[in-house]
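Protein chains: 2
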Amino acid sequence: MNTIETILSHRSIRSYKSDPVPENTLEEILTAAIRGSTTGNMQLYSIIVTKDEEMKKKILPLHFNQQIVMQAPITLTFCADFNRFDLWCKYRGVEPGYDNFHSFTWAVIDAIIAVQNACIAAEAHGLGICYLGTTTYTADKMIDVFNLPKGVVPITAITLGYPDIIPPLTDRLPLEAVVHNEVYKDYSKEKIDELFYEKENLPESKQLLEENQMDSLPRIFVEKRYTKKDNVHFSKVFFEVVKNQGFFNHEE
Amino acid sequence: MNTIETILSHRSIRSYKSDPVPENTLEEILTAAIRGSTTGNMQLYSIIVTKDEEMKKKILPLHFNQQIVMQAPITLTFCADFNRFDLWCKYRGVEPGYDNFHSFTWAVIDAIIAVQNACIAAEAHGLGICYLGTTTYTADKMIDVFNLPKGVVPITAITLGYPDIIPPLTDRLPLEAVVHNEVYKDYSKEKIDELFYEKENLPESKQLLEENQMDSLPRIFVEKRYTKKDNVHFSKVFFEVVKNQGFFNHEE
Chain A
1 MNTIETILSH RSIRSYKSDP VPENTLEEIL TAAIRGSTTG NMQLYSIIVT
51 KDEEMKKKIL PLHFNQQIVM QAPITLTFCA DFNRFDLWCK YRGVEPGYDN
101 FHSFTWAVID AIIAVQNACI AAEAHGLGIC YLGTTTYTAD KMIDVFNLPK
151 GVVPITAITL GYPDIIPPLT DRLPLEAVVH NEVYKDYSKE KIDELFYEKE
201 NLPESKQLLE ENQMDSLPRI FVEKRYTKKD NVHFSKVFFE VVKNQGFFNH
251 EE
Chain B
1 MNTIETILSH RSIRSYKSDP VPENTLEEIL TAAIRGSTTG NMQLYSIIVT
51 KDEEMKKKIL PLHFNQQIVM QAPITLTFCA DFNRFDLWCK YRGVEPGYDN
101 FHSFTWAVID AIIAVQNACI AAEAHGLGIC YLGTTTYTAD KMIDVFNLPK
151 GVVPITAITL GYPDIIPPLT DRLPLEAVVH NEVYKDYSKE KIDELFYEKE
201 NLPESKQLLE ENQMDSLPRI FVEKRYTKKD NVHFSKVFFE VVKNQGFFNH
251 EE
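Chains A and B are the protein sequences, given in the same order.
For the first sequence, position 103 matches number 103 in the numbering used here, and the numbering has no gaps at all.
For the second sequence, position 11 matches number 11 in the numbering used here, and the numbering has no gaps at all.
The hints are simulated quantities; they were obtained by calculation from the structure and are not laboratory data.
Worth double-checking, as some hints may not be accurate.
Copies of the same chain are indistinguishable here, so a pair counts whether it falls within one copy or spans any two.
Derived EDC-like pairs: lysine to aspartate or glutamate, alpha-carbon spacing no greater than 20 Å straight-line [unchecked claim]:
| no. | residue 1 | residue 2 |
| --- | --- | --- |
| 1 | Lys58 | Glu182 |
| 2 | Lys150 | Glu240 |
| 3 | Lys150 | Asp140 |
| 4 | Lys90 | Asp193 |
| 5 | Lys90 | Asp186 |
| 6 | Lys236 | Asp144 |
| 7 | Lys57 | Asp140 |
| 8 | Lys228 | Glu95 |
| 9 | Lys141 | Glu182 |
| 10 | Lys206 | Glu194 |
Since this is a predicted model, take the numbers as computed values, not measurements.
Okay, chain A solo, but in the shape it has when bound (with noise of 0.2 Å):
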C-alpha cells in the first residue's frame, strides 16, 4: 500500500491480537511522530509508553472501562508538554513566559501533529490504532497516574495493536460538506438536508436510530452520547486543569 492508500484505509481498531509490537516497530513509530512538525522547533509533547499491565488496570477506569486498554498491548498517551522546555530556560538561566493559554494551544497542536504521525506509521506497518477521546475528560486523573508536573497536560491517547476485527470503513460528509473555496460558505437548510442525506440513509444510520428508539441522529449525539450536561461538567473539569497545570496565568 502506498501512502495515500494508507491514510484512506484508516479505520480505527477496537479488537486486537495478542501479538506483541516488536520494539523496533514501536521506535520507529516514536521517530515517526517526533518528525512532524512542531512550533518553532520546541517539541511541546510527550508520550507516556504503557504496557505494564498494573499501569493499563490504573488507566483503564479513565478511558471509561474500554476494554480495548487491557486488551492492545500498548497504549500511547499524548500530552501538551511546556515542562521540559520551560526547565531548559531556566537551567539557562532564563525565565520562560508560556504560562499562558496561546502556548498551550501551541501544544495541543503539537501533540496532535505528533499523534498523526504516529498513527500512520503504525498503520503502515500494519498495525491498527483507536483515539481515545476520554483522555481529555479524565486529564485530572492522568495527571496522578502519570505522575504528571505543572506545564503538562494529557490531550489524546491510542491503542496500538495487530488488529484482530477490521471494520468496514466509516462514512465521512461528502468533501464539499468541508471544503469551502475563498471565503466560508454557511449552510441552509436545504445544504445540510443534501450533504447529511447519505449518512442518514446509510443502514447502519437507520438501525441505530431504531436501536435507541430515537427520530434523527442528532438526537442521539445531543440526549445519549455527548449531552451538554456531561460536556458542560468536563469542560470545568478540563479547564481547571489547563489552569492548576500552569497555562492560564494572564488573566487578572
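Position chain B against the provided structure of chain A, taking the given hints into account.
Just chain B now, with coordinates in the frame of chain A:
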C-alpha cells in the same frame, strides 16, 4: 518512497515553484484529510482553500507578511467547526449543547488530525508544506476575512506547492527526551544538559547565537521569538475569539 520514509523526510518548505497544484491532486489531499479519525465521527472542522490572488493579499498581513503566502499556489486554513454540526441538530429539531470548552477541544483535535493527514498526503505527492502558526495570533481577523460564523475558530494553516528549495532536515531531540515509559520521568539539570547537548552544539545553533549576540538558545526564544509580553497579549486575543465564537458559555 514508502509511508515511513515520507514521514521521516518531512521538512517545512518555504520556497515554492510557480507550478500550480493539479485539481485532482488537491482533491486527493483533501480526501486524505477527511479520512482521519474524528470525535464521534462528527467531523468538527472546516477547510478554507485560498488560491485567489486578492484573497492571498488579504491573508498576507494576518500571517505577518510571510511571503510564502503569496508564493505558494495554495494556502489551506483549518478551522475548528461546530457550526455545521449545530445546524444539523437545529434543523432536526434538537438543541445542541456544544458551546463549551471541552467541545472546542474536540474540534481542535479533529482539525489538527485532518491537517496532518493533508500534509502527509501532499508530501507523498511530492508537494511541500509549511505550517503557519500565525493563524491563532490573528484568528480574530481571519474570522472577518473568511466570513466565519459563530462556532468556527481558525486553528492553523499550511502553504502548499511544489518545493523550489528543499532545506536539510531540522534537528530533533533524541527520542528518549520526549518518550516516558509507564510514568513521566521529570528532568534533572544533568538530564537536560544531556538531552539538549546535540542541539546546543549544532553549527547552526552556534551561528544563531552569534547572529543574535546571545549566550543561549532559550534566551533567543524567550527574549526574541516568543516573548512573554507577546504571549500574554495573543493569549487574551485568542481566548476572546474562543469565547466570542461561542465556546465558553458554561462559566457563571
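Hints and how they fare:
Taking the closest pair of Cα atoms, Lys58 and Glu182 come within 20 Å of each other only across two copies (11 Å); inside a single copy the shortest separation is 48 Å, beyond that limit. In this assembly of identical chains, the alpha carbons of Lys150 and Glu240 lie at most 20 Å apart only when taken from the same copy (13 Å versus 24 Å across copies). Only within a single protomer do Lys150 and Asp140 lie at most 20 Å apart by alpha-carbon distance; the minimum there is 12 Å, versus 29 Å between protomers. Only between protomers do Lys90 and Asp193 lie at most 20 Å apart by alpha-carbon distance; the minimum there is 12 Å, versus 56 Å within a single protomer.
With identical chains, the CA atoms of Lys90 and Asp186 are at most 20 Å apart between copies only, with a shortest distance of 14 Å across copies and 48 Å within one. Taking CA atoms no more than 20 Å apart as the test, Lys236 paired with Asp144 passes inside one copy only; the shortest distance there is 18 Å, against 29 Å between copies. When the C-alpha separation of Lys57 and Asp140 is checked against a cutoff of 20 Å, the pair qualifies only within one copy, where the shortest distance is 17 Å, while the shortest distance between copies is 44 Å. Taking the shortest alpha-carbon separations for Lys228 and Glu95, only the inter-copy value of 9 Å comes in at or below 20 Å, while the best intra-copy value is 40 Å.
For a Cα distance limit of 20 Å, the shortest separation of Lys141 from Glu182 across copies, 15 Å, qualifies, whereas the shortest one inside one copy, 43 Å, does not. For the identical chains of this complex, Lys206 and Glu194 are intra-copy neighbours only, at 17 Å inside a copy versus 58 Å across copies, given an alpha-carbon limit of 20 Å.
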